[in-house]
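Asker: Sequence lines, in order, name chains A and B.
All residue numbers for the first sequence refer to the numbering used here, where the first residue is 1 and numbers rise by one.
All residue numbers for the second sequence refer to the numbering used here, where the first residue is 1001 and numbers rise by one.
Please keep in mind that the hints were generated in silico from the structure rather than gathered at the bench.
Mixed in with the good hints there might be a few duds.
Said to hold, decoys possible - Computed, partial: chain A to chain B, Cβ under 10 Å:
1. GLN6
2. PRO8
3. ARG41
4. PRO98
5. ARG111
6. VAL114
7. VAL115
As the list claims (entries may be wrong) - Chain A regions said to be covered by chain B (calculated; three or more residues, Cβ under 8 Å):
8. 47-60
9. 71-79
Quick caveat: nothing in here was measured; it's all calculated off a predicted structure.
C-beta atoms are modelled at their ideal positions from N, C-alpha and C, and glycine is treated no differently.
Now for the letters of each chain:
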Amino acid sequence: DAGVIQSPRHEVTEMGQEVTLRCKPISGHNSLFWYRQTMMRGLELLIYFNNNVPIDDSGMPEDRFSAKMPNASFSTLKIQPSEPRDSAVYFCASSQLPGRNYGYTFGSGTRLTVV
Amino acid sequence: GQQLNQSPQSMFIQEGEDVSMNCTSSSIFNTWLWYKQDPGEGPVLLIALYKAGELTSNGRLTAQFGITRKDSFLNISASIPSDVGIYFCAGLYGSARQLTFGSGTQLTVLP
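Same shape as in the complex, but just chain A (with noise of 0.2 Å):
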């Protein structure tokens, strides 16, 4: 299995533009997750989804963030506008939920900078 991937590695992109990071979990797994790491806050949970069906998404800061997960094999998060307090690294997860083992499967994640 290749894991979970992620899509770009890295954006730069300039205040105002519309980000899109993708991600593909690990076929078979029904539950996926966004999380954003900044040296300030750590590791954060943004939205999850479970069956392709949006589960919690109290982490997400605002509207200008959202999460779609069309397919079991496919997820967005986009940022629109993006503002330069959005820079940080983006990592998508996924997992088998429930389970035995409730080990997140973690991307590579994406570095976002927005300047």
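Starting from the structure of chain A, add chain B where the hints point.
Answerer: Quick look at chain B alone, frame taken from chain A:
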């Protein structure tokens, strides 16, 4: 939400030394997990613990699920340079399906 207090925040150790880090919470957790994040990568699961008192090893790593279910520790024996990274604890409490993550321990191994 629930909080995990992870300590220490950072550690500088000599190669060959043993390392210990821990996580505590005011709430009871059902599952404890330990992850390692290498620079430029996502966290990778090291050890998972499911029962109070459980002690599990993975090579030079040993982790324990505290008896009170409110804490867990991770030990690394005979550290080597590739142990460098950020170590996160994570836990599952109650009926939650989302993991709660600690703030991480940044480990630096000096030659």
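Asker: Interface hint check: A/ARG111, Cβ to nearest Cβ on chain B, cutoff 10 Å. Holds or violated?
Answerer: Cβ of A/ARG111 sits 8 Å from chain B, so the hint holds.
Asker: Check, residue by residue, whether the segment 47-60 of chain A contains three or more positions whose beta-carbon lies closer than 8 Å to a beta-carbon of chain B, and give the verdict.
Answerer: That given contact holds, which follows from 4 residues of the segment 47-60 of chain A lying within Cβ reach (below 8 Å) of chain B.
Asker: Would the hint on A/GLN6 be counted as holding, given a Cβ-Cβ threshold of 10 Å to chain B?
Answerer: holds (8 Å)
Asker: Less than 10 Å between beta-carbons is the criterion; does A/ARG41 satisfy it with respect to chain B?
Answerer: holds (9 Å)
Asker: Using Cβ atoms only, decide whether A/PRO98 comes closer than 10 Å to chain B, and label the hint accordingly.
Answerer: Status holds, d = 7 Å.
Asker: Does the interface hint hold: is A/VAL114 within less than 10 Å of chain B, judged Cβ to Cβ?
Answerer: With a minimum Cβ separation of about 19 Å from chain B (threshold 10 Å), the hint on A/VAL114 is violated.
Asker: Min Cβ distance, A/PRO8 to chain B: is it shorter than 10 Å?
Answerer: violated (14 Å)
Asker: Minimum Cβ distance from A/VAL115 to chain B below 10 Å?
Answerer: Violated, because the Cβ-Cβ distance from A/VAL115 to chain B comes to roughly 20 Å (cut-off 10 Å).
Asker: Between the segment 71-79 of chain A and chain B, are there enough contacts, at least three residues with CB-CB distance under 8 Å, for the coverage claim to hold?
Answerer: violated (count 0)
Of the numbered hints given earlier, the model fails hints 2, 6, 7 and 9; all others are met.
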